[in-house]
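Asker: Chains A and B are the protein sequences, given in the same order. Going by the numbering used here, the first residue of the first sequence is number 789, and it counts up by one from there. Going by the numbering used here, the first residue of the second sequence is number 789, and it counts up by one from there.
Certain hints may be false.
Which copy is meant is left open, so a pair is good if it fits within one copy or across any two.
[As the list claims (entries may be wrong)] In silico lysine to any residue, SDA-like type, Cα no more than 25 angstroms apart, as pairs:
| id | residue 1 | residue 2 |
| --- | --- | --- |
| 1 | K1114 | A894 |
| 2 | K921 | D1152 |
| 3 | K898 | T1071 |
| 4 | K1114 | R839 |
Because the hints were derived from the structure by calculation, they are not lab data. If you're wondering where the values come from, they're calculated on a predicted model, not measured in any experiment.
One letter stands for each residue in the lines below.
There are 2 protein chains.
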Amino acid sequence: MDQPPAPFQYKLSAYQGRSRAGVFHTPHGELQTPVFAPVGTQASVKALTPRHLEEIGASLILANTYHLYLRPGDSLVAEMGGLHKFMQWPGPILTDSGGFQVFSLANQRKIDAEGVTFKSHIDGSTHRLTPEKSIAIQENLGADIIMAFDECTSPYDREYNRRAVDRTHAWAERCLAARRRSDQALFGIVQGGVFPELRRTSADYLVDLDFPGYAIGGLSVGETKEEMHAILEVVDQILPEDKPRYLMGVGTPEDLVNGVMRGVDIFDCVLPTRLARHHAAFTHSGRINLVNAIYAHDPAPIDAQCACYTCLHFSRAYLRHLIAAKEILSASLLSIHNLYTLLELARQIRQAIIENRFDTFAEDFFRTRTPDGSASQDDGAKPE
Amino acid sequence: MDQPPAPFQYKLSAYQGRSRAGVFHTPHGELQTPVFAPVGTQASVKALTPRHLEEIGASLILANTYHLYLRPGDSLVAEMGGLHKFMQWPGPILTDSGGFQVFSLANQRKIDAEGVTFKSHIDGSTHRLTPEKSIAIQENLGADIIMAFDECTSPYDREYNRRAVDRTHAWAERCLAARRRSDQALFGIVQGGVFPELRRTSADYLVDLDFPGYAIGGLSVGETKEEMHAILEVVDQILPEDKPRYLMGVGTPEDLVNGVMRGVDIFDCVLPTRLARHHAAFTHSGRINLVNAIYAHDPAPIDAQCACYTCLHFSRAYLRHLIAAKEILSASLLSIHNLYTLLELARQIRQAIIENRFDTFAEDFFRTRTPDGSASQDDGAKPE
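Work out the full structure, taking the sequences as your base and the hints as a guide.
Answerer: As structure tokens, this is what we get:
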């Protein structure tokens, strides 16, 4: 009998153009890529049980280092046996470095060469994150895939991005030096804003450090879709083909197809569950918001083409009633649907690549969508 | 082959003393009694999917006529195919008459011989419920078991209870005359506060009207447990043995055992799900509140004797984290546990009656409990 593959081996099953279908082996099972990771910021994918997540076919779950460091604390999670046991997710987990959240605190943080000092959004207490501290926290949390601590910038400030890329590289080396566990795959993060030459510099530098996988950070933060696609194409040329690529914080169904067309393997985003809590749902013809009165008497499911639990059982009229009556169940049912949409899309993309028909799949996909992937009406999404 | 039993046939499988184990046949399946009904006030058992309810073995679900009449409106529910289809509960459903909620509105309602005029808690608009209107609404909703429109009182006001019992009887006759559907079991409701002679009068009167089942209303509204038990014993002597008895709005695990000891078959209460949203959980040694800091590092489940999904998977430490982090999942997981506790208790009671050992079961049950069924600490429950 064959030995099971070593953790963090990435085997490509099929290519089509720049698009890849692969299998990434982790200590908690394999990830079939392309894959979309639901976000469980505080060790809970909002409004869903782990069983719900298994039923919709989730494989990788993301949790946020910044949030879990502050509450309940990474040492408590370690004491409880790590994140997998704590939140009862048996499959692979990914944690970010905490960098993105800390840099999002704006006036609440100060950056220096060593790290970042910041104030907690919970109680205003002062904390400090460094590359070494971020790795120590992530080792306590115990995810399968962990991230280097990077400096996140605004995408259009060239000088700031130049400095941030240098610092991100220095910090990446410190993260590599700081790690103690061998059962976690540490990914380097390519930065550089919308500037192709900075992105090239960053990708080249990190590839030399030989990470088991690479994240592409600093996208979906205000730049246009065209700019994001251009950067993905630049980075795709440099990153090694035998390592997974993770596009952080992206995205919509359209982003998945566009990302895979440009060599991305892993995606995560709060969008599906955040939209759900604001009553918005993906459909094959764009987003709809179930709070809208036009659905009050609508016996149809959210999306007649969808096979999720919500669409197999519940009418738009019932979902709108739950929303109007402020029933928690609306968030659960819409989260199931929105996550299923992205998970199922990733599965279909993978199958299309394996069957060498992803180009026609993508053509068909975009032909039935509005250009920005949303229906003409407001989808009601607000920041989390 | 035998014909399936006619709807609303109640077959007693076993007796022990006054305690009964039976099967009540409804158009949406049989109820094995004693049974506890989770409450889905607005056509949703708060924070749970119907699949959750199936997994914990729920059979009967209660929905509230007052709430559904106001929102989304009973005609909309009828248009969507009735409550079973609307909320996707395939099993038996029970609706109340709306009376209890309307009478709870205090200064917002006026009673006359014909019915009650009241203001909506949602928008202050004026509405009117009569026996005929309550039946019409409940026929639109389409539950398997529906309730006569009764006058609910304060339990200690003898004169008011005397008048209310008379009115309840007149209204019960009008409800019988008003009904058009034959696939719903209309239950009469015994009233009379804490006064045995009024309860006797009420039970006698309603038995003469020959309902397919009887509810006992106006209890668990401020009277002592001893008073409640005394009234149950009075009513038990009068109600026919071949019809199910439903104790409305009760209760706790202790109430179930005490009720069954006094001939009750059906129970419902918001308590398990309401406690869950206030972080409190039943255990075999009393209630605990998971917000308490003593659980922050506790790797144990809520109740080591419990086999629910929550107890099989999650630690008190994780549940406390979810509560501190204001994650919706805490309400779902605690609701699963609290409802399972009551559903499982009802199943154990039934089995004990069938095996002729309910008396020792009840003795064992009370020996391991505090007198009022709650642990010494505050359980943090607040009104819904």
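Asker: Determine for every hint whether it applies to the structure shown.
Answerer: Each hint, compared with the structure:
Proximity of K1114 and A894 under a CA criterion of 25 angstroms is satisfied inter-copy only: 24 angstroms between copies versus 33 angstroms inside one chain copy. In this assembly of identical chains, K921 and D1152 lie within 25 angstroms of each other by CA distance neither inside one copy nor across copies; the values are 46 angstroms within and 53 angstroms between. In this assembly of identical chains, the alpha carbons of K898 and T1071 never lie at most 25 angstroms apart, being 42 angstroms within a copy and 48 angstroms across copies at closest. Proximity of K1114 and R839 under a CA criterion of 25 angstroms is satisfied in both settings, with 24 angstroms inside one chain copy and 20 angstroms between copies.
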